[in-house]
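Engineer: Chain residues, written in single-letter form:
4 protein chains.
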Amino acid sequence: MKTKQEYIDSLRKLNLELYVFGEKVSNFVDHPIIRPSIDCVAATYETAQNPEFSDFMTVQSHLNGKKINRFCHIHRSTDDLVKKSKMERSLGAYTGSCFQRCVGMDALNALSIITYNMDQKHKTQYYQRFLKYLQYVQDEDLTCCGAMTDAKGDRSLRPAEQADPDQYLRVVQERKDGIIVRGNKLHQTGAANSHEIICMPTRAMRAEDKDYAISFALPSDTRGIIYIYGRQSCDTRKTEDGDIDTGNILYSGQECMVVFDDVFVPWDRVFMYKEYEFTADFVEKFAAYHRQSYACKSGIGDVLVGASQLVAEYQGIAGASHVRNKITEMIHLNETMMSCSLACAYEGHKEPSGTYFVNTLLANVSKLNVTRFPYEISRLAQEIAGGSLVTMPSEKDLKNPRIGKYVAKYLQGVTGTNAEDRIRALRLIENICLGTGAVCYLTESLHGAGSPEAQKIMITRESNPERMKKAAKRLCGIKS
Amino acid sequence: MKTKQEYIDSLRKLNLELYVFGEKVSNFVDHPIIRPSIDCVAATYETAQNPEFSDFMTVQSHLNGKKINRFCHIHRSTDDLVKKSKMERSLGAYTGSCFQRCVGMDALNALSIITYNMDQKHKTQYYQRFLKYLQYVQDEDLTCCGAMTDAKGDRSLRPAEQADPDQYLRVVQERKDGIIVRGNKLHQTGAANSHEIICMPTRAMRAEDKDYAISFALPSDTRGIIYIYGRQSCDTRKTEDGDIDTGNILYSGQECMVVFDDVFVPWDRVFMYKEYEFTADFVEKFAAYHRQSYACKSGIGDVLVGASQLVAEYQGIAGASHVRNKITEMIHLNETMMSCSLACAYEGHKEPSGTYFVNTLLANVSKLNVTRFPYEISRLAQEIAGGSLVTMPSEKDLKNPRIGKYVAKYLQGVTGTNAEDRIRALRLIENICLGTGAVCYLTESLHGAGSPEAQKIMITRESNPERMKKAAKRLCGIKS
Amino acid sequence: MKTKQEYIDSLRKLNLELYVFGEKVSNFVDHPIIRPSIDCVAATYETAQNPEFSDFMTVQSHLNGKKINRFCHIHRSTDDLVKKSKMERSLGAYTGSCFQRCVGMDALNALSIITYNMDQKHKTQYYQRFLKYLQYVQDEDLTCCGAMTDAKGDRSLRPAEQADPDQYLRVVQERKDGIIVRGNKLHQTGAANSHEIICMPTRAMRAEDKDYAISFALPSDTRGIIYIYGRQSCDTRKTEDGDIDTGNILYSGQECMVVFDDVFVPWDRVFMYKEYEFTADFVEKFAAYHRQSYACKSGIGDVLVGASQLVAEYQGIAGASHVRNKITEMIHLNETMMSCSLACAYEGHKEPSGTYFVNTLLANVSKLNVTRFPYEISRLAQEIAGGSLVTMPSEKDLKNPRIGKYVAKYLQGVTGTNAEDRIRALRLIENICLGTGAVCYLTESLHGAGSPEAQKIMITRESNPERMKKAAKRLCGIKS
Amino acid sequence: MKTKQEYIDSLRKLNLELYVFGEKVSNFVDHPIIRPSIDCVAATYETAQNPEFSDFMTVQSHLNGKKINRFCHIHRSTDDLVKKSKMERSLGAYTGSCFQRCVGMDALNALSIITYNMDQKHKTQYYQRFLKYLQYVQDEDLTCCGAMTDAKGDRSLRPAEQADPDQYLRVVQERKDGIIVRGNKLHQTGAANSHEIICMPTRAMRAEDKDYAISFALPSDTRGIIYIYGRQSCDTRKTEDGDIDTGNILYSGQECMVVFDDVFVPWDRVFMYKEYEFTADFVEKFAAYHRQSYACKSGIGDVLVGASQLVAEYQGIAGASHVRNKITEMIHLNETMMSCSLACAYEGHKEPSGTYFVNTLLANVSKLNVTRFPYEISRLAQEIAGGSLVTMPSEKDLKNPRIGKYVAKYLQGVTGTNAEDRIRALRLIENICLGTGAVCYLTESLHGAGSPEAQKIMITRESNPERMKKAAKRLCGIKS
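Chains as they are written, first to last, in our numbering: chain A, 1 to 480; chain B, 481 to 960; chain C, 961 to 1440; chain D, 1441 to 1920.
One or more of the hints may lead you astray.
What the hints assert, rightly or not - Mimicking DSS-like on lysine-lysine, the simulated pairs with C-alpha atoms at most 25 Å apart in a straight line are:
1) A:K4 <-> B:K950
2) B:K632 <-> D:K1913
3) B:K889 <-> A:K479
4) B:K504 <-> C:K1359
5) C:K1439 <-> D:K1836
6) A:K350 <-> A:K67
7) D:K1790 <-> D:K1561
8) B:K656 <-> B:K754
As the list claims (entries may be wrong) - Taking CB as the label site, the calculated pair distances span:
9) A:V172 <-> D:A1848: 16 to 26 Å
10) A:T415 <-> D:K1464: 28 to 38 Å
11) B:Q529 <-> D:I1897: 51 to 61 Å
Hints are computed from structural coordinates only; laboratory data are not their basis. None of the values given here were measured: they were computed from a predicted structure. Here a beta-carbon is modelled for each residue, glycine too, at the ideal position from N, C-alpha and C.
With the sequences and hints as input, model every part of the structure.
Structural biologist: See the structure below:
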């Protein structure tokens, strides 16, 4: 397994075409806006070598029995699934941010099921091809970007109906040695921090959409792949002097638009090619795994509860019954989310390939709660924090020789505490509720791994109304 | 194990002092208001002999290896805890009502932990005494009433401070062969349908309250125990001709006030006697087990979803997007509750006595959701049902030769359905949202196993704010 | 104006064909199940002669300047509209129930607008015909039933598409002296307690539905009209000895199914005849007025807050912070509903006929809140009430010489209070949350004056997205 | 009345001691971070001269009959109160931001009541002094900052109990010509954009706190007053090239910490001096007026609905039923808030001074909804917007010659729309949900004009539980 430092060094070797704020970036590893997101992925390497985390961060590979990072692992038991949920929460609490590496893990696991199933039906050889790729990922302890969401153009039209056929990623040429693909993947979490990018179809495809029914993996710096860095609320605070105003002084997330400008994929990296009838199941498998992954939000919730409790203590209100009630409600909602993620893991089952898969119904229930509760937890945190959260002067004011004393005097709370600590805790809350942290704690909780409507469709599909109707009929005496 | 019929016959042998609507009842087994609640307990015997249910309804006794009903079992693994949650849901869906028998199971399991712990500290012999009692319960396949809630008088005062010392159940005399107890237990679910009644302290007691720190078990028809039947919404519909208007034509719940008018308890049935320092833990253990038990409400939720779907189909609105949305939301809330019950079971652990105990934090999270979601599920069911739910004529109008044809004509919905089926489904929804079923699905979901404030106190106590504060401090750079 | 007694006496003169529980009732005025609903309408007569209420209960007729009951009045100013909202709330608090008379008032006001508008377009004479009828209603101080909701059969089909053409009330024959109508009106609030029944179309009709586009008024005991009494939760408690268990010992509501079995309507009582293009506006006008009328629920909310506060005091928990919080939340929700009803009145305007009409958008917003908040208020009331709400013995147990002393002893709360008062307050809460009161406070709040989806459609229609899009475009610099 | 330009010019004449990001600013009018907030206040001058707004923006002074800006007016009728609410909403929709000037208006109106009442009791001359000041404000069409919130130190201690006595603003010296004050006001909306600052006590004071019971007005550039600019989420985007990424390209809000470093106040500017027994009423009066003022949030809500609708149209999802539902829900919540603001205005009354005052109960109900609904509206807006809201590249990427074409291609939605418009609409939503706009739309909605707990206390105080208990007792037959 790579160390944190080896991971960071490995990124320096990548030759990415990456743009940030309209400028091409050569040394992205030391870019102040990008670096906290790299450090956040690096935390998945660091904790794997920390005994406090190793019980769930590392696992034995089923390919060769070596100890590997769980992010490169294929789940082989419900215990694996449960440890995944607990790993997600722990890292959420450790980073207070999006550590990005789960998307690749979920893509690998979905591929392990779908490639096997395709082979069973079509006598193809995808599964062996995939296992070889997996071995490489495990051996090198790689971070993979799992790329699903296309641009989609006019949402009321299917892929093949779009005015611009590139609105969904597609094969534009088939060659003897591989294929040429064109299109775009949006909202790519951690894309520039990854060694590999794994593309998947974004929706159920029909026969007429078969050029869009493709899956493949490529080194992230393959020629023709262009990364355009997404803006986040308060991103430029990371470029300012000092650290207080960033809130989370260690970590942040990352989202990129990834353009595929006629990129070549060799056949040994192609994992689906026009088998459109497997796209629905592919999307559902990846989505269910990834919906489980949102256990990370319970970890960020832990941070938000901790910061709110700190502020309450600094301000002398920690004993007020209404404050205690709000803290309790935050914890209640946070643990409800976690319970659902655990339940979908514990209620998992084995797929034909031997991979363990979560309970789809409960994975969707889990994520649907994640689209709601963080907003209420965030509102409660802001309620405890008070107005200073959004009216405080900057770090530079606190450090200014003329006025710093006033800031320190009037933002001190309870005797024995100091203004700087209070400001730091408030800035952390601001980060998670309004700043870079809010991108992952709020908006991505809504849309990541699919928007709420997608979860509702799956909940409807996975429930069993006939069983429930039958129970009702018996109890009220309907015979027919 | 007893058959359903043997259970019912065994009740006939009881010599209870029981009052219903101000009248002493001699043959309570055939009393029309009581009988559906007996049939509901009987369902726990019937399903134990039904292969469809037997995987979770029956289990091997750890005392003698015989197959027993899970309601008489002490949990010996997390699998036992999980099967308990699933049994609860299944029976909830099977009966659409409160099957009453879980309280005794939860009392037995709590006793198995507490009697052991008391012995460890005080060198008492409670645990062996308890095991002997347990063997008897298992051998005879008995239904036990777990009795916790006292009258409490002025809630702002502790037991020993009350103007009337009997407001909490207490020992009034110690004799060589046993003790004399006096007081009252309120809200006793299934009390008159039980063979045994197991009393427990209702709250944490202090030294001055030690006469209230008692636990014991007695045959339900012990001299001096008086049962006064509680009224339920729509209870007298069960006495009317016909069955449609009862909604749930098979089952109902039961609540009694149980008076202890100087009742003698022999020493071999006393399981706690003034060890007040164990009362807090006793209450918490029983409460956590019992909060898990509210998985039954997900079963009733299944019935409500089924009935709502039926009504929607009868009325021709099942395809409307807003109806589908509501059904999905009902399922989502229902599964969220179930996920929490499962999570607290899967995350259980072994106590010193060998009994497996649920995760306390998650058991309380689970129950706190149960105090909220059934109300919203019920509101959604009423929204789908439409106004007819509360304006429909009675069964007698439907059957009346002059006007029955109008009722049948104007309450028919979609062609091919008939008014009676629609009415039956609506009456089932009425039962669960407003009638006898609402007693258990709504108000008891709020207060059974402790009111929401009790869960909030436990959630606060079981969470770890220091861990969360530490995580927050690291992320925002607070050193102190 | 009639006195309360004159109103009751006037009902005795009606020759209704009325069925209750499958039996034809001759003296319905003294029927124990019906009488409380009559007394509730009678309260609208009684309070009109009570100086404490007269400011908003009475008003000067614009027809002849005489003092009349506001329920017979056509609104001539926004002050009239505001006083209507306040009258509704006051009567809700006075009766804790549905006083039924608002439907007729809302029908009269809608007719005053629509008949005028039809005449303007079609040169018909409906408005004068209506005014003559209005004069009669005012002179006699009549209670009118406003009848809108049809049976509707298969909801996915329009009136003219139904397999059974009678599923919507329609004209089946046109005669020289009038018309013959056939069909049904469901959920008719207070129908049997009314002197007159005013029928209106239930939805927007098209040309092919024109036989259904009719409105007329008839004496309630016209030959061919059949009333079938609707069941309510706990309705038969009114037939028991004693009064405690009814909860609301004075009043209740009433819902009937009303069958029109080929009923003759003379032309001077016909107010719309096939003018289908006015049906949409008719429904919207009536609905908006009637949605405003749900201010009555804030009155019932007052009762529920009062009863909850009483129980909290009896139980010694009134000072607990969580109880105070819940009471405050109940009041907050209750006043939010009232504010919306007031706002739609204050923001009313004059229609061409001179009638004042409420703000349609806000009337719908008001009602949509009413479909939600009473459920939460009711849940909070149950939370404060505690489990006794649904487990208490009956009044007969309290009065029983052998066991009454136990009920009195163990249901007493704080010293100085008595069990009977506590039981009475709890039974009132039960009535409103689960019993006859719940029919009007909960389910009818959902569906009365149209179900939530109807309000959502109107809110969408009445809002102005173009204004909002324009504001957004200017602020973000979109030129097109 | 001043024109927009005259207002801006008048600010240039101020000699403020103002710090932004640790630097003293001399020309604050042209500072890129400050200017949009100045333009936002300027909108209150601009619209006063726009006929479309003049009906509610301008009013006749009751002092001299001249036409003045409503922000300088003392309410003389309920119509004035209603127009205030409507003005707030209109300006909220016009600016999509906080226009800052309402705080001074609310302070003036509260002073007009309290100075009069103090004079009545103490024979002081505050009211005439105030009227003279008011005349000056009206003549010069000034913007006043209403300053209430103190630093508060340890919240569990009263002003006189603090370790640092300056934690609440206080008089430190009384001179013949005036007083010297020291302390701090936090969260001062628009402070640096104001001509005058009006200080008020922040809470109810007791005799021992009387040095803190002071109110006065000063020119904003009085010697010893120091302004420290508050940071806002995304504030520095205003300093970047281009305008797209700011979201709201025209306006923003402003919050300052204001230090009073031994500042002299002449007697003719002192409006309360140690009359501590009037502080509670002062706070309540100002707070109720200011809680009404949050009608502005319904205006920002209009912008958010408009922007969400635009994005839905650009993305081809405007016709989806779930999108329409969400838009409707946003409007519903938005109009509920507005209804409450209107209701508290319409239900206002005349105070002894002749000033009209809002209904306190409903003003608090109104604000309590504002602490909740914008969060849900914002969540719904984010749900409609989709993930691009937080993953889109920057404006510079869109304008970059190499990659701009990809951004334009892949962020285009429906044919005929263009990526830039879609990005602009999304950036506006980002601004209001996460950026500078979120400061005023979310966090300030929570805490401005007092935090939710303050509203709950007032709702409890202003409600009439005895009336409600009496109603309940009558209905259930409790005699005592």
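Engineer: If a hint holds in the structure, say so; if it does not, say that too.
Structural biologist: Evaluated hints:
no.	hint	in the structure
1	A:K4 <-> B:K950	holds, 22 Å
2	B:K632 <-> D:K1913	holds, 24 Å
3	B:K889 <-> A:K479	holds, 20 Å
4	B:K504 <-> C:K1359	holds, 13 Å
5	C:K1439 <-> D:K1836	holds, 20 Å
6	A:K350 <-> A:K67	holds, 22 Å
7	D:K1790 <-> D:K1561	holds, 19 Å
8	B:K656 <-> B:K754	holds, 16 Å
9	A:V172 <-> D:A1848: 16 to 26 Å	holds, 20 Å
10	A:T415 <-> D:K1464: 28 to 38 Å	holds, 31 Å
11	B:Q529 <-> D:I1897: 51 to 61 Å	holds, 60 Å
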